[in-house]
Amino acid sequence: KFFQAVVSFIGTDGTLYIKPKSFEIELNKLMTEIQRNFKYFALPEPHWWKKGEACLIISSDNRWHRGKVVELGDGALMVQYVDSGCIEEVPPCCLYPTTLYTDIPPFCIPCQLYKTAPIGNVWKLEAIQFLQDLLLTDQEVGIHVQELPDNPWGKISVSLYLGEISVASFMAYQKYCIAEDSQDILQLEQLEGYDFVWLSYVLPPLPIPGDVFPVKVTHLVSPNKVCVSLHPCKQLRKLSATERDASCGAQWESLDEALLWCSENVESIPPLTRFQREMPCLAEYHDGFWYRAKFISVEKSDPVMVLVQFVDYGNFSVVSASRLRQMPYEVLKYPVEAVEVVLAGFKPALNDKNVRRIPYAPEWSEKALWAMIDCVEGKQLSACILALSPEITIYLYDDEKNLVHMKLIEMGLAELDE
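If you're matching positions, the sequence shown starts at 1 in the UniProt record's numbering and goes up one per residue.
It is possible that some hints are incorrect.
[As the list claims (entries may be wrong)] Cut-off 16 angstroms, straight-line C-alpha distance, at most; resulting in silico cross-link-like pairs (EDC-like, lysine to aspartate or glutamate):
1. 353 / 363
2. 216 / 398
3. 294 / 340
4. 50 / 89
5. 347 / 363
6. 407 / 377
7. 50 / 74
8. 51 / 74
9. 333 / 256
[What the hints assert, rightly or not] Each pair of labels, with its calculated beta carbon distance range:
10. 182 / 377: 31 to 39 angstroms
11. 401 / 133: 21 to 29 angstroms
12. 129 / 207: 34 to 42 angstroms
13. 164 / 377: 34 to 42 angstroms
14. 71 / 204: 47 to 55 angstroms
Rather than coming from a laboratory, the hints here were simulated on the basis of the structure. All values derive from a computational prediction rather than experimental measurement. Using N, Cα and C, we set each Cβ at its ideal position, and we do this for glycine too.
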């Protein structure tokens, strides 16, 4: 009753179409056969279509797909791809009437969330869009079959899981539905007591404003905007063979263990096929290890090169799309280890005549940036939080408890900012 699948389509009525991973080989064989048999077929003469009629659809990927007509229109027909559930409007010239392959059952299964009622008994558009953003990512989900329909072509009632989280309980947490299953209700209670951010990274617990705490600068954006680690003595370590065996497929005790396991088992993690700004992902660094990152932008199209930021360090890198992987929820849930902060107490010097400026922060000279790097690189530093909003703002001190920016002021590269 439990298996892995990919959600291929979500209907406006909340129907989830899933493709079990165990169907992949047979579906690929069928698709190969269809392309071979219809490779040289010309598009047919005008045809009088009927609702429910079987057909083949030539789609935007220039491949034939099994389909059926679900609604007639004046200039176009509404058709459903029977192996994905997707419904779209298609001109008649892209359809071919045939009864071939109708004896093979669809490779996608229509489902509904078990004991889940939408608010107002109708799924609202924003709820459907939220589900689409959540599930239409080619990422595997866990399916637990709860009830079979009386009608063999009806919808199966399932519990659907992303990692450890039930989608029904999370939708209820977002106020899109009411979860009635006892397990979902229990998980909903747990979510209610947690500041939960879905498909995005979370900040670590921050010290109380006014307290002084040790930090390490991991990346500089500009002289007064840096990324700091709240665990300056923490270092990655390699796992022993015994630890690797114990952690394989299990709940890791730390982010280090999770990332090292990902690096050693990266072939089992699906590639990232959908790009969205700020989307969490795994990215390979120059050292051959894989680290947590977030997608920023596409920098080049042929081959595809993308800009990512490594969230546990703060640095940016342009990498090939082939060096990106989907983010497992079990790795996503750890708080980020580098926090971007603004340094208080100083500002760019008006009389800094250095011509070379930072392109993305032209108010600062490159000399000021290099001076700040000398002040913080490899140093034992401490910080004190002044404000948490709109940006985390801190005072940054050197190992002698002096404000680090005083060196820039002495050099005429910055001014005091009261």
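Verification of the hints:
A threshold of 16 angstroms between alpha carbons decides the hint, and for residue 353 with residue 363 the separation of about 11 angstroms falls inside it, so the pair holds. A distance of roughly 11 angstroms separates the Cα atoms of residue 216 and residue 398; the hinted pair therefore holds under the 16 angstroms criterion. For a cut-off of 16 angstroms, the pair hint linking residue 294 to residue 340 stands: about 14 angstroms separates their Cα positions. Restraint check for residue 50 and residue 89: the C-alpha separation of about 15 angstroms stays at or below 16 angstroms, so the hint holds.
Among the hinted pairs, residue 347 with residue 363 is consistent with the structure: their alpha-carbon atoms are about 9 angstroms apart, no more than 16 angstroms. Between the alpha carbons of residue 407 and residue 377 the distance comes to roughly 14 angstroms, so the proposed pair stays at or under 16 angstroms and holds. Distance check on the hinted pair: residue 50 and residue 74 sit about 13 angstroms apart at the alpha-carbon level, within 16 angstroms; holds. For the given pair, residue 51 sits about 13 angstroms from residue 74 by alpha-carbon distance, which is consistent with the 16 angstroms threshold.
At most 16 angstroms may separate the alpha-carbon atoms for a hinted pair to count; residue 333 and residue 256 meet this at roughly 13 angstroms. Taking the beta carbon of each, residue 182 and residue 377 are about 55 angstroms apart, not inside 31 to 39 angstroms as hinted. Hint check: residue 401 to residue 133, Cβ distance near 47 angstroms, so the stated range 21 to 29 angstroms is violated. Taking 34 to 42 angstroms as the suggested C-beta distance range, the pair residue 129 and residue 207 conforms, at roughly 38 angstroms.
With their beta carbons about 39 angstroms apart, residue 164 and residue 377 fall inside the hinted range of 34 to 42 angstroms. Between residue 71 and residue 204 the Cβ separation comes to about 52 angstroms, which falls inside the hinted range of 47 to 55 angstroms.
Violation of the numbered hints given earlier is confined to hints 10 and 11; the remaining hints are satisfied by the structure.
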